[in-house]
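S.K.: Required output: the full structure, derived from the provided sequences and hints.
There are 2 protein chains.
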Amino acid sequence: MNLMKNKKAGYVVTGQWAKKAYQEAKMYGEAVELASSADETFSYIPDCSDLPITDDMDYVYICENNTIYGTKFKTLPDTKGKVLVSDVSSCFLSEPVDVSKYGIIYGGVQKNVGPAGMVIVIIREDLISDEVLPGTPTMLKYKTQADNDSLYNTPPCYNIYICGKVFKWLKNMGGLEEMKKRNEEKAKILYDFLDESKMFKGTVRKEDRSLMNVPFVTGDADLDAKFVKEAKAAGLENLKGHRSVGGMRASIYNAMPKEGVIALVDFMKKFEAENA
Amino acid sequence: MNLMKNKKAGYVVTGQWAKKAYQEAKMYGEAVELASSADETFSYIPDCSDLPITDDMDYVYICENNTIYGTKFKTLPDTKGKVLVSDVSSCFLSEPVDVSKYGIIYGGVQKNVGPAGMVIVIIREDLISDEVLPGTPTMLKYKTQADNDSLYNTPPCYNIYICGKVFKWLKNMGGLEEMKKRNEEKAKILYDFLDESKMFKGTVRKEDRSLMNVPFVTGDADLDAKFVKEAKAAGLENLKGHRSVGGMRASIYNAMPKEGVIALVDFMKKFEAENA
Numbered sequence: 000m001n002l003m004k005n006k007k008a009g010y011v012v013t014g015q016w017a018k019k020a021y022q023e024a025k026m027y028g029e030a031v032e033l034a035s036s037a038d039e040t041f042s043y044i045p046d047c048s049d050l051p052i053t054d055d056m057d058y059v060y061i062c063e064n065n066t067i068y069g070t071k072f073k074t075l076p077d078t079k080g081k082v083l084v085s086d087v088s089s090c091f092l093s094e095p096v097d098v099s100k101y102g103i104i105y106g107g108v109q110k111n112v113g114p115a116g117m118v119i120v121i122i123r124e125d126l127i128s129d130e131v132l133p134g135t136p137t138m139l140k141y142k143t144q145a146d147n148d149s150l151y152n153t154p155p156c157y158n159i160y161i162c163g164k165v166f167k168w169l170k171n172m173g174g175l176e177e178m179k180k181r182n183e184e185k186a187k188i189l190y191d192f193l194d195e196s197k198m199f200k201g202t203v204r205k206e207d208r209s210l211m212n213v214p215f216v217t218g219d220a221d222l223d224a225k226f227v228k229e230a231k232a233a234g235l236e237n238l239k240g241h242r243s244v245g246g247m248r249a250s251i252y253n254a255m256p257k258e259g260v261i262a263l264v265d266f267m268k269k270f271e272a273e274n275a
Numbered sequence: 000m001n002l003m004k005n006k007k008a009g010y011v012v013t014g015q016w017a018k019k020a021y022q023e024a025k026m027y028g029e030a031v032e033l034a035s036s037a038d039e040t041f042s043y044i045p046d047c048s049d050l051p052i053t054d055d056m057d058y059v060y061i062c063e064n065n066t067i068y069g070t071k072f073k074t075l076p077d078t079k080g081k082v083l084v085s086d087v088s089s090c091f092l093s094e095p096v097d098v099s100k101y102g103i104i105y106g107g108v109q110k111n112v113g114p115a116g117m118v119i120v121i122i123r124e125d126l127i128s129d130e131v132l133p134g135t136p137t138m139l140k141y142k143t144q145a146d147n148d149s150l151y152n153t154p155p156c157y158n159i160y161i162c163g164k165v166f167k168w169l170k171n172m173g174g175l176e177e178m179k180k181r182n183e184e185k186a187k188i189l190y191d192f193l194d195e196s197k198m199f200k201g202t203v204r205k206e207d208r209s210l211m212n213v214p215f216v217t218g219d220a221d222l223d224a225k226f227v228k229e230a231k232a233a234g235l236e237n238l239k240g241h242r243s244v245g246g247m248r249a250s251i252y253n254a255m256p257k258e259g260v261i262a263l264v265d266f267m268k269k270f271e272a273e274n275a
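Protein sequences appear in the order of chains A and B. Take the first sequence: its position 92, counted from the start at 1, is 91 in numbering that gives the first Met the number 0, and no numbers get skipped. Take the second sequence: its position 253, counted from the start at 1, is 252 in numbering that gives the first Met the number 0, and no numbers get skipped.
No wet-lab data here; the hints were simulated from the structure. Keep in mind that the hints are not guaranteed to be accurate.
To be verified - Footprint (simulated), chain A over chain B, 3 or more residues, beta carbon under 8 Å:
{"#": "1", "region": "20-33"}
{"#": "2", "region": "133-140"}
Said to hold, decoys possible - So the derived list for chain B, only partly shown, Cβ under 10 Å to chain A, looks like this:
{"#": "3", "residue": "Met0"}
{"#": "4", "residue": "Gly80"}
{"#": "5", "residue": "Ser88"}
{"#": "6", "residue": "Cys156"}
{"#": "7", "residue": "Gly163"}
Predicted model only: the values in this text are computed from it and were never measured. For each residue, glycine too, the CB sits at the ideal point set by N, CA and C.
M.R.: What follows is the structure, given as structure tokens:
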């Protein structure tokens, strides 16, 4: 609604949120599916080096980390000069980001930043404009928020306060460089085990694996269910995969310590030995 | 966007939020100002017993308690059978409400319910519909929220949790009947003093006085400023009135104990004696 001057935009569809964004955009103009990984249950990131972007497109949309499917854009698409709009809800603050490559970075804070109920937006100043689609609610105009220092409505004070605490925690720890190092270390423990296990298998193409969300399966739905149940009994919670992919998913956001990942892998080894 | 089937609605303009709602509605259809108290700086509630409501209006809007101006609808407008839409942000849970008289009751939770960042909506079931204006964002459709038990997006969990605590606190205390009694008692202490003081004067017509927000003035801007400054030094915070009305405003929401109001009146008496 804020960017559709030509009423045309390109969408890379890599999962459920990308699909929702793509379908929503159709209400406001011509939304073009530039690429999709729906053919293999969104288990990879499509090649985005030469997308069919046309000159009249207002922007190119991606969902940078796909929570349900466990994929992540390791290389940003070549947008051929068009504005890149990225939903970073499930990877924001997990590693450093070169904001100059984006037009808009946005995301819910509830994964790595703070309590659910707030959104963070980083927008290039020239994209903040009063020329929005007719009927755009005032509170949904980026210009309204920018002109009012994000205080057009009463802001979610508690959420902001906790986010501030998290920012300080991150800075004290060594910032996003250090966070990236820790996240890579954590994810490696789990992915290395998945690659050597005879029972468990990661579902995502190796080059597209997320640092945050790690889906895996045994290949046997009953065994998957047994694993989830026994893991829960052992104190390892929320390992059931999304219903659209089944199996298991370990979300190892910033707040998950290395010890948690080690405990999971130890449990998986034990389960594999017991159920081989 | 959800209710404008005929693209025409009536607005009673009693303050800044009502004005914003009225202006916003103009984007989507014909918004008619049914009555206004702008002529006397919104210091009263207009007579709403015979509003110029026409048969093609989709609804009638009011802002039931006007935070800045300290007015409250003591009697709901005669909507002539049209749907009543009421913003109750600053009076919700301050007293019992007969929900059957409304089509939609909505409000931010940040006054009497819980931490800022959430909205409560009570809507009549027959008003939940897919027939919304074209271009209505999916997340702004009441039907989306109703169909998904308010979980279409990740909900503001912490805010909901605290609201639940407040609901229990209210119930334990005796519910909204008891809350009303306490609020009337609190407000009476302050209004009685304003009515007898030679220095301080309430700005609102007596019959329209809010139980939640009590604006008052000395009639001398310098003396007002002195009062606000000295009150703050004495531990009485946030007494400066909104810049559009000047003077002072005491917000005595549910969370303010009677003792707080007594302390304010004691300080006002002392100030009046010292500055007479």
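S.K.: Hints broken by the structure, by number, lowest first?
M.R.: 4 and 7
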